[in-house]
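Got two chains here, separate frames each, mind docking them using the hints?
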Amino acid sequence: MTDVASSAQPLLDIRGLSVGYTDRAGRVREVLRDVDLCVHAGQTLGLVGESGSGKSTLALAAMAYLKPGLRRTAGSVRFQGQDLFELPEAALQRLRGGVVGLVPQNAGQALTPTSRVGAQIEESLRLHTALGVDARRARALELLEQVRLPQPALLARRYPHELSGGQQQRVAIAMALAGGPRLLLLDEPTTGLDVTTQAHVLDLLRELHRSTGTTMVYVSHDLGAIARVCDRVSVMYAGELVLEGPARGVLRQPAHPYPRGLLASIPRLSAARLPASLPGRPPAPGEAGAGCAFAPRCGLVQPRCATERPVLRDVPGAMRARCHYAERAHGLDAPALSTPPREPAGLTDALLELRDLGVSYARRGWIDQLAGRPPAGPMTVDGVDLTLARGQVLALVGESGSGKSTVLKAVAGLLAPARGTMRLTAPVDVEGDLTGASNGDATTARRGDAGPQAVTLAPDVTRRARDVLRRIQLVFQNPDDSLNPRHTVATALAQPLQLYFGLSGVALRERSIEWLERVRLGAHYLDRLPGQMSGGEKQRVAIARAFAAEPDLVLCDEVTSALDVSVQAAVLDLLETLRRERGTAYLVVSHDLAVVRALADRVAVLYQGRLCEVGPAADVYARPSHPYTEVLLGAVLEPDPDHVPRLLAQDVVEAGPPARGCAFQRRCPKRLGPVCDEQVPPWRAVDVAGRHRVRCHLHLAV
Amino acid sequence: MTTPARPAGHWGQVLRDLVARPSGAVGLALVLLHLALAASSPWLATHDYKAVSPTLMLLPPGAEHWFGTDHLGRDVYTRTLLGGREALLVTLVATPVAVLWGGLLGVYLGLVGGRLDDVLMRVVDALLSLPWILKMLLLIVTFGTGLAVLVPTLAFFYGVPVIRIARAAAHNVVARDFVLAARARGHGRLAVIRRELLPNVLDALMVEGAMRWSWMLLAFSSLSFLGFGVSPPTPDWGLMVADARSYLPIAPWAGLFPIVALSSLIIGINLTADALAKAVGVDRAQKAPI
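Chains as they are written, first to last, in the numbering used here: chain H, 5 to 706; chain Z, 531 to 820.
I should point out that these hints are in silico values taken from the structure, not numbers from a laboratory. Accuracy of the hints is not assured; some may be wrong.
Computed cross-link-like contacts, SDA-like style, restricted to lysine to any residue with a CA-CA straight-line distance of at most 20 Å [said to hold, decoys possible]:
no.	chain 1	residue 1	chain 2	residue 2
1	Z	808	Z	545
2	Z	808	H	489
3	Z	808	H	535
4	Z	808	H	650
5	H	674	H	650
6	Z	808	H	490
7	Z	808	Z	797
8	H	674	H	647
Simulated DEER-style distance windows between Cβ atoms [as the list claims (entries may be wrong)]:
no.	chain 1	residue 1	chain 2	residue 2	range
9	H	80	Z	559	16 to 26 Å
10	Z	574	H	506	51 to 61 Å
11	Z	627	H	502	30 to 40 Å
12	Z	574	H	118	24 to 34 Å
13	Z	596	H	32	46 to 56 Å
14	H	80	Z	626	55 to 65 Å
Note that beta-carbon positions come from the ideal geometry of N, C-alpha and C, so glycine has one too.
Just chain Z, same shape as in the assembly (with noise of 0.2 Å):
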């Protein structure tokens, strides 16, 4: 026997090979980058985010002002290191809640079935079929903005098509033999679903989480820039490329940082969920495409 009579824990193991791989390595390290950014930047903030200076403006990136600043003559620089803790503050509180809810309706549904799960399916259909982005102003036009609105919204949309990936993951569990032994045993639906089909649709739901992580962030970044998302002057990676857009021509500064940040942060990560797919063998590439 080759393997250890001591199994290392599942996630260990995937943490592991996760790291192992150059693509999780560089994704992991620019998402923990941006998390504890995102913490310290209070602290590492040169400037009042919301200092405005009529004699400041557009100034290039400098000794003082170290990005150069925008229009109002505020510091790019400060701003862009606290534009991301709005966004992150949602997102890593609606995804997990999207998980959570898409995950176990669709772990339910597969194991269930029958007429519950055909109506059911069909409703996340015509949810999935509309544009994200119109189902999204519809409830934000009607409740108005701010964190109450915003989390509960991305929490569920981005729910729904979690509920998709988690049943068919489930379905691939179901017919397994375990699954029926312990249904013959008499365990109730509850303990089916808690201790045969969660475990083994864990893997695919976390993959599925990271992916809408990185989704939710586009969104909520787009939300900001359309002027839905954070109000001013609360510094935001999608409002500072909004305001930003005037000028670029001749003050591209104010625009890039923001850009460059938000997108480093969304590659990471893209890289880390590819990496974390590979690790617990779930591959993106052969899922229905959502």
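This is chain H alone, in the form it adopts within the complex (with noise of 0.2 Å):
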């Protein structure tokens, strides 16, 4: 082979690649359908895809991976020239691992637990490299250092579970660039880290392609991850390649309806609008009829779509699109596919109202019990202060562990705080039963006076009164979790009604239905099984499980993280039609900000369980006056190849709250000296309203 020849020849070049496996009734179902892709060396190519779209399956595939039960049905894989699939087993493992390197997702559970980190990165290096046991532990700390985590010699000693997420992915990168990789594999690296991580993570993976030039497949449903480390972007959809092309023209002008209606379902920090959701969900595998895969969903669609499968063809941009239209795709404006911006909530009376909230997860030992001692050291919640009118929607937002989902708990009743009260405010009408009677638990506030009486809620959820419970409802993040996997929607549906209105018979059918309807799904499913409905389809039933106790106010636990876009877009419509409609207050918690601009009237930040700034969203997201709330913007992505996110503090995890002082003084990038450790900020009003509210020195010294 000629020295031109080899430098022309891609990297990775795999043609026509089918992959399958055979159901029960004996079919073969197609995950992946001919799939081509060219990788050639020092590029970054992005696959993106919704969940189920075969992305992930390609990518292993790079390496002759495929999942028990999966079967090459067509198609070759080359690296380097060499089939992969031809490849004998002993051949393969010296690949994986060695040429081959792959970043899996969830680092904390690829890692085995039980070894310290650096003797995993010195085993990869003892199977793929000739390096001596002195060399091996050198290049391990090097390797550490290369994925710049702070003093390797230290961490090396270090078991997975004693390092933070971020901490954890960078030794996974660090062990993938042990066998000195070619071919780099990132299977959807930073899902699941936090926004300032994962900006950190993304960082390091850019500054490693700039200064080894190795060749990366990244692997992400996250436009804005792909836009940030990718030059070319291959879009995936019900396992078929449908647009590729270079990362600006995919993500700005592509030209294909699915990445355009992806694009437009993506909430931006810019804008306080709903994104447009894609109606419909992709085919399950082998499921595609004889046409254009997309064409059910398509806002482009023609007659010819459903009877012929297009081609994957050039198109202008320097793409290659499988469809026939590709051209009209630019006519589906942005624009014109997302909805005008909402309107906030006008409504001012107080619904529910935190004072001086304090929730610690701390045992007490007996003895201290018994002395009546409270438990030692910070309380996880500390001093939250918050107010949430009728009908409006608050967001708590915050790094994991700031003890967002803590707050939610403590006012769903299911965690007791130490500290603090909780009041709720309903209608007067329903004094009876609000007062609880027997029990003094809940007190009113304005007895005797017409008008709406605020109730303190009981700390513990069965010593509030049955009404005050129906006011307030919870819709959790995981639609797997939220739902009984042995209950059909039906009986779902039912428990609320049940219990707070009597329903039976026809008038508990006819209601269910009603609300069925109400969000988006029929009647027919009814009898559906959690197991038999979509990651979506689970989260509609949750939430009409919640509205149809017909709540003041709703708790909207990360609703829609664990969604794809497409249908985080669809769910997050379907809440604000609901708000708008039955006039439901939210406290939404939530670690992802453009999510928030899309659905809060009000923001609250939080930093290990201590509010750090509270105001209207337009004027927190416009003029964030927090070091905190400025780092957590600064952080987010946006799928936009020139966006840059700004790292304005290190991606440190703290394990809990200082004794002392400003909870963010370890982090903070504008620290004043010792006023910080010292002393709690006070609170102090950014606009002359007061409504926009801080938490910092720095705003006194000024």
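Take a look at the structure:
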């Protein structure tokens, strides 16, 4: 082979690859259909698609690995000219972890829990290099330094569980680099990390690519992450490659209706509007018809699309698209797809008031309990003062471990607060129910007054009156977990309807169907079990179950973070519609600042269980006044290759709040000095009306 | 969507999956055969089970006595056929009782936790640390033999380990969001147990129940073998093996046939339990040994 030929030869060349499994009926169902993919040395390719699109299967097939049950039905995978599926197992083992490295999605699970991380990297080096023991040790430290872990010598001696998620991911990258890979496969490497950590890891990957020139295939559902590291992007849909081209073209002017819709469904920091949702859902493996797989959801659909399967062809913009009408995709303009900006809720009477709420997970020993001593150390959540108006959406934002969900659980009565009060205002006509008559834990504030009354919420859910319980409902993050797998949809919906309204028989069924229709599912869902529904459908049922109680307040715990973006947009739209129709207030917990921007009227920023900044969403996003808010907003990604996140603080994860002073003192990029360590900063208004408040010494000094 | 709009019942699906496995089909066939034989044995018996005949002692299997005769000249075929009835009757009553009380208590403890859970689980540990035969004999020696003592004794002691299994299974469910949602809605404890927890631990309890049944059969036969179970002349496999023990070198058939009968039943139950565990997705190998 001549030099010219080898330089023109792609590093990875996948031709006509089809992968499938045989179902119980003996039919072959293809999860990859006729995929052509070419990666040249030095490129960074992003593989984008929603769950089930086959992107991970394709990436793993690049090292001839197929999950059990899957087999190749057609095509070839060539790496450096070698057909990988023809290689013997021993050669493949040398290749995997050697010249082809893999960074898995969940590094915490991919690392061996019983072995020190340094030893695990040395093990990779032993398998894939000829280095001696001492050289391996030195190289392992080098690698840890290369992935920008502080104090590599100290870190190498740690066990995986002693590292934070971001650190674990860095160790996994170091391990993949140990074999000296020519091709690095990254399978959703930043999914599940906090925004700031994600921004740092992506920065590291960019840096690695610049310094080593390693070819990368980056698999992700997150177009923002792809935009950050990839120069080329391939979009997968229902096991097919539907669009391929340079990142800028694919992310700015995609010549295919699917990525167009996908881009429109991503909420943006820049706009307080709900993203446009993509109707429908992708076909299950083997269910795509004779025509284009995307045709049933496509805005450009023509009769031809249903019968004739498009081929991948060259289109303007140096892209290749699998669409008969790719040239028309530009006509589907983004503004036409997105919805108008939402109107903020104007109602001002308070529905929920939290005063000086404190929650502690610390368990006291029995001696302390007898002595009546409070638990030692600072509380997990402390001094939370929040007011939520009727019909308003208040979002609690912060990184994982910031205590957002803890606050939510305390309001729901599932976790007793150690301190503070929670009050719910309810209409006066239900006074008898509200006071709970028999026990005195629900006291009325303005007894005898006309108008609404504030009820103190009992810390424990079992001591709350039924009508109070009805007014507060919960929707959870994980759709697989929020419905009982053994209950049909009918049973799930019957629970609030029976409990709060005593419905049964025909009335129960009618009301259930009514709610299913309101969340845009039909009566035929009544007999389904959770296992027979998609994530988005399950979440709709969970939302219907919460709203069936006709609550005043719905607590939403990361309700869309487990969903694909196109499904997320539909669920956000549903939540907004229900809020408008019924005047329900939401207390939303989310780590996704773009989702919060789309949904919330007011934002409260939490760090280590302490409020940093509270204010109207528009003000907080336009003028973030607490250094932590700036850090969070700076790290948010946009699906735009030219967007550069600002990394303002280190992505150190703190184990607990400091004993004294400002909660953010240790990571703050604008730290003033000892005053931050010693004194808790007081609240201070940023705007004239005093609605936007911040808790930072910086603003006192000015 | 590949799934039908109207779901097949969970247990119907489990049964189909169970029979589709070779171990499940064989096991279930063995168990059903034993149950059928036990129910119809009075009509299948060829002789009087207690007819003693000094002239017919220790006859080898032949045309008249298909399985031969024992040391008292009783027909082994008849006695083997009838020998499982008592054991099956006792265990078929005691097993559900054991699974029911152990399962309910376990699920309750798994939900409430706290001090009650701490104390009761230490009692369970203490009970489990004693060899079963010791505690069993203690009760039987105190209260005497007979079904009125045997059934409650077996049901009690074999329910204790079920507490653990049910508690562990409930623990896996209690922290899940749908249980939190039910608690936040304000459902009472019993409603949460009945609607949210029990349907999700039933799989584990079914498998556990099948295993308990086979162990209980062995325990009952062992008690009979030791002379604390069925009293002669009622035929019982354990008792028959005990009687035949001294004559095994010269008349192995008197012991062999009841052993084969008991073993095939136990194997049948174990195969069924294994297949059931796989069909419902509870792998026994993953559970803590009790």
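Going down the list of hints, with the structure as the test:
The hinted pair formed by residue 808/Z and residue 545/Z meets the criterion: a straight-line CA distance of about 11 Å does not exceed 20 Å. For the hint linking residue 808/Z to residue 489/H, the alpha-carbon distance of about 18 Å falls within 20 Å, and the restraint holds. Pair hint residue 808/Z plus residue 535/H holds up; C-alpha atoms about 18 Å apart against a cutoff of 20 Å. For the proposed pair residue 808/Z and residue 650/H, the alpha carbon gap of about 52 Å is over 20 Å, so the pair is violated.
Distance restraint check for residue 674/H and residue 650/H: the Cα-Cα separation of roughly 14 Å lies within the 20 Å cut-off, and the hinted pair is therefore satisfied. Using a Cα cut-off of 20 Å, the hinted pair residue 808/Z and residue 490/H holds, with the two alpha carbons roughly 18 Å apart. Taken as a hint, the residue 808/Z and residue 797/Z pair is honoured in the structure, with Cα atoms around 17 Å apart against an allowance of 20 Å. The straight-line distance between the Cα atoms of residue 674/H and residue 647/H is roughly 24 Å, outside the 20 Å bound, and the hint therefore fails.
Judged by the Cβ atoms, the range 16 to 26 Å given for residue 80/H and residue 559/Z is violated: they are separated by roughly 48 Å. Between residue 574/Z and residue 506/H, the C-beta spacing of about 57 Å keeps the proposed range 51 to 61 Å intact. For residue 627/Z and residue 502/H, the Cβ-Cβ distance of about 32 Å falls inside the hinted range of 30 to 40 Å, so the restraint holds. In this structure the supplied range 24 to 34 Å is violated for residue 574/Z paired with residue 118/H, their Cβ-Cβ distance being about 59 Å.
The beta-carbon spacing between residue 596/Z and residue 32/H, approximately 54 Å, falls within the hinted interval of 46 to 56 Å. Against the hinted window of 55 to 65 Å, the Cβ-Cβ separation of residue 80/H and residue 626/Z comes to about 59 Å, which satisfies the hint.
The structure fails to meet hints 4, 8, 9 and 12 from the earlier list, while all remaining hints are met.
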